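**Student:** Here's the letter readout for the chains.
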Amino acid sequence: MKKILSGNEAVARGVYEASVHFASAYPGTPSTEILQNISTYKHIYAEWAPNEKVALETAIGASIAGGRSFAAMKHVGVNVAADPLFTFAYTGVTGGCVLVTADEPGMHSSQNEQDNRNYAKFAKIPMLEPSNSQESKDMIIDAYELSEKYDSVILFRMTTRVCHSKSLVELGEKKEVELIPYKKNFGKYVAIPAIGRKLRHKVEERMNILKGYSETSKWNYEIDNNSKIGVISSGIAFEYANEAFGDTVSYLKLGFTNPLPANLISDFCDKYEKVYIIEENDPYIEEFAKMLGKNVIGKELFPYSGEMTPDVIRRAALSENYKGVELNEELFVGRPPTFCTGCPHRGFFYELGKKRKKIIVAGDIGCYSLAVGEPYDMMDTLICMGASFSSGHGMQKIMEMKEDDDRRIVTVMGDSTFFHTGINSLINTVYNKGNTINVILDNRITGMTGQQDNPGTGLNLAQETSTIMDIEGIVRAIGIKNIRRVNPNDLQETKDAINWALELQETSVIITDWPCKLKKRYNDDDFARYDKMWQTKDKVIEDLCTGCKVCLRSGCASLIFEPSTKKVSINPNTCVGCDVCLQICPYDAIVKDDKYV
Amino acid sequence: MSKSIKVVGVGGQGTILLAKILTTVFVEAGYDVKMSEIHGMSQRGGSVSSEIRYGDKVYSPVIEKGDASILVSLEQMEAARNVDYLKKDGVLIVNDYKIHSMVTLNGNIPYPDTILEDLSNRVKTYVIDGTNKAVELGLDKVMNIIMLGALSKVIDLDNLKWEDAIRENVKPQYVDINLKAFKIGLNEVK
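If you read the sequences in order, they're chains F and W.
Throughout the first sequence, residue numbering follows our numbering, covering 38 to 634 in sequence.
Throughout the second sequence, residue numbering follows our numbering, covering -18 to 171 in sequence.
One thing to keep in mind: the hints can contain errors.
[Said to hold, decoys possible] In silico DSSO-like cross-links for lysine-lysine, where the CA-CA straight-line distance does not exceed 27 angstroms:
1) LYS105/W - LYS134/W
2) LYS161/W - LYS38/W
3) LYS122/W - LYS39/F
4) LYS554/F - LYS105/W
5) LYS142/W - LYS360/F
6) LYS68/W - LYS152/W
7) LYS46/W - LYS360/F
8) LYS79/W - LYS586/F
9) LYS556/F - LYS38/W
10) LYS470/F - LYS439/F
11) LYS290/F - LYS235/F
12) LYS40/F - LYS69/W
13) LYS557/F - LYS604/F
14) LYS105/W - LYS39/F
15) LYS46/W - LYS290/F
16) LYS69/W - LYS557/F
17) LYS632/F - LYS122/W
18) LYS79/W - LYS40/F
19) LYS142/W - LYS79/W
20) LYS105/W - LYS40/F
21) LYS554/F - LYS69/W
22) LYS142/W - LYS290/F
23) LYS360/F - LYS69/W
24) LYS290/F - LYS38/W
25) LYS265/F - LYS239/F
26) LYS248/F - LYS220/F
27) LYS265/F - LYS38/W
Since the hints were made in silico from the structure, they are not lab data.
Remember, predicted model here, so these are calculated numbers, not experimental data.
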C-alpha cells in the first residue's frame, strides 16, 4: 500500500516496521513530528526528554539493556547530546540504535546552519542520508540492521525539506525483533581510560570495515545517462539536481555517507569530463573527492550556504536567468511572526520595555524570542537553549567592573527551556553570588515547536497524568531567596515585580504564570487557577478613542488602527480578553465587552 | 512533466488544509506527488505557504521561482509577495481580503491599496470574494474551500475526485458546509 507521508512520518513508520522498543526526543524544528508520530504507534515506548543529552542517554541505556532504541533532535540539539554520543561511538550497541539529526539549510527556524554530517566523521560513526520519504522509511529499517551488524550507533541525517515535504511511500510489514538478554559487559560499556584505549582501536577497525561496505552499499549507486557531465550528490540536493539537470547528466547518488566510498567516487570522477558536487552547506563530499586528487567542481560554483534548490543550481551551473512574473516590491511589506493574541508574554514585555534604558536583556530560544521585533525591541542577545541565565550572569560580572555604566541584566527564558538547561545556569548564578534578574516565562507548555508537553505540564507524551515540576519550588531549593510569581496580564503586578527586582542587589527570579493560548488541552484545575481564561473579550468605545495609538505598543495583532477614522478597533473574532490593551489605554476607551462577561 | 501549484496565506487561514486536500486529490488520481511546507512560525501571524507538485515523476518537493502554473493566495499582500513564483503565463487566484501585519497595523505604513489592480494588469487573475462568501455561508473558516473550488475550475481535470478528497480531510460534522463552499468557489470562476 502506498501512502503520502512526510519524511518525519516516514521515519516514524520505519521505526515501527523495525520493531524499535524505545524512543526519545526533545522537540525542535524540523524534527519534532518524528516522536509525535512514533507515539501514535502504541507498541513503541516513547517519551519526551527534558533535553537532547538526556534523550540520547536514555536511548543508550535502552540499547545496552538489549532493546532497539531511537533518539531524534534538531541539528543544534546534537551539540547538547555530543558528550554521550562521542563515547557511545566507542562502546557500540547491544540493541540497534539510531540518532536522527534534522539539519536546517537556510535556517528557517534555527539560530545557525551547522552541517551535522561533520559529526559522523568527528565521532567516527556510520551515517545515512535519505533524499525523500520512501528512503526515510527504508533507510531507518536498514540503519538498525547496520547498527547491530557493525556494532555502532548510526547517525541519520535529515534536512528540513526531507523532514517536512511529503511524498509517496510503499509501506511494509512490521518485522518482530526480540529483546536481547542482558549480560554485564565491563570491557564494552565501562569507558574508563584503560578500556577507552582498547575501544579506540575497535572504532578504527570498524570504520575500516565500513569503508568496504560503503563501496557496495545499496544506498550508493550510479545512474549512467551516457553524458559528459557527472553529478555527485546526497540528501535532498540529489532531488534538486535531478530537477535541474534531468537525464542530461549522470549521477552518483550517495545515501551511506560515512565513511564515503573512495573507489566509487574515484571511478565516477574518472569517467566524466566534468564532475559537479551538489550538496547543501559544507563541502563534505567535495573535500573527500579533492583529497582523492579529483578535479571536481563544488563550492567555487555553488553557494556554501542556504538551500541548493533547482533554481540555485540552474543559475550557478547553467547560467539560466529568471523567466517568471516580476515582483513589485512596492506592493507588500514584511509580515514577521508575532506574539499571538492572548499570549502571556505580551504583558510582561510591555512592562519590561518601559525600563529599556536601564537594562540589557539576555534572551533565549522559544516564543519569547519574538520580542526581538516591533514594537518590543527587547532582546540584546540570543545564543542557545538555556544561555540567557548564564550568559546574562557573565555580562553582569563585566558590567559591574564598569564605573560609567550601571545597567542591570535581565534574563528571560520559558518553562521548557528552564527544564532543558536553564536550571544549571541558575544554579551557577546563585552559587557565584550573581546579581541578575531572571525571568521564567511559564506558559505551561513547549510553545514554539507546537505545544508539546514537558515536565511542567502534568502530562507525558502518552498523555498520561504525570508529576508536575514545581518551578517555584525548584528555584527555592537552588537557594534563591528573592522570588515573585506574577500574572503577566496584570500590568500593575508585573510592573511592581520588575521594580522590586531592580532594587535588589542579589539574584532574583520572577515567574510569570499564565498559559499559552494555543495549548491544546486544559483541565479543570487550569480553569480554576486562571480566572475566566479565554472566556471574555475586550472592545473599544469609539467615542472615547482619541487615536493616540498607545495601545498598539502592546503589539497585539487583534488591535487595528484605521488611518481614515484615526480610531482603533478590536477584532472580535480573535480577541480573548487578556485585558492588556485595556490596562494600557490612557483614556479608558477599552472595556470588557459585556456580551462575553 | 510535472506541474506546480503554490498556496499562500497568513497563519490561521487554512492554507495547510487546502494543500492537504489538493495533495489527496492528485494522489488518488494516480499522479506522483510531492508537497512541501515550512512549519514553525505559521501560527503566529506570519506568512504561510504550501507547495504541491504533481506529474508522472516529481523530484524536487519545492517550487522554483517562475515555475508555478497556479498561485492561490488567501490574502492580497501575500499574492504580491509570492507572484514571482508564477510562470509568465501562470494563473493567480486571490481572495479579496486584507490582513494587516505588525508593520501596517499601527498605521505608520499603510496597507498597499493597488495590489489587485497591479497584479491583474500583469497576470491572468481571478479575484474571489472568498471571505465574504464564507461569512454568508455561516462559517468564515471555509474560505479556504471556496478558494479550492475556484482552483478546481482552473485546474480543470476531470479525473480528480474533489468531493471525496474533502470528505477524507475534514471532520464529519463539517463535510456539508465544506461541500457547499466548494461549489460556491467553483461557480466564481467563469
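**Student:** Each hint needs a verdict: does it hold in this structure or not?
**Tutor:** Status of the hints after comparison with the structure:
no., hint, in the structure
1, LYS105/W - LYS134/W, "holds, 14 angstroms"
2, LYS161/W - LYS38/W, "violated, 33 angstroms"
3, LYS122/W - LYS39/F, "violated, 31 angstroms"
4, LYS554/F - LYS105/W, "violated, 40 angstroms"
5, LYS142/W - LYS360/F, "violated, 33 angstroms"
6, LYS68/W - LYS152/W, "violated, 35 angstroms"
7, LYS46/W - LYS360/F, "holds, 9 angstroms"
8, LYS79/W - LYS586/F, "holds, 21 angstroms"
9, LYS556/F - LYS38/W, "violated, 40 angstroms"
10, LYS470/F - LYS439/F, "holds, 18 angstroms"
11, LYS290/F - LYS235/F, "violated, 35 angstroms"
12, LYS40/F - LYS69/W, "violated, 34 angstroms"
13, LYS557/F - LYS604/F, "violated, 34 angstroms"
14, LYS105/W - LYS39/F, "violated, 36 angstroms"
15, LYS46/W - LYS290/F, "holds, 26 angstroms"
16, LYS69/W - LYS557/F, "violated, 43 angstroms"
17, LYS632/F - LYS122/W, "holds, 23 angstroms"
18, LYS79/W - LYS40/F, "violated, 36 angstroms"
19, LYS142/W - LYS79/W, "violated, 31 angstroms"
20, LYS105/W - LYS40/F, "violated, 35 angstroms"
21, LYS554/F - LYS69/W, "violated, 42 angstroms"
22, LYS142/W - LYS290/F, "violated, 36 angstroms"
23, LYS360/F - LYS69/W, "holds, 7 angstroms"
24, LYS290/F - LYS38/W, "holds, 17 angstroms"
25, LYS265/F - LYS239/F, "violated, 42 angstroms"
26, LYS248/F - LYS220/F, "violated, 30 angstroms"
27, LYS265/F - LYS38/W, "holds, 24 angstroms"
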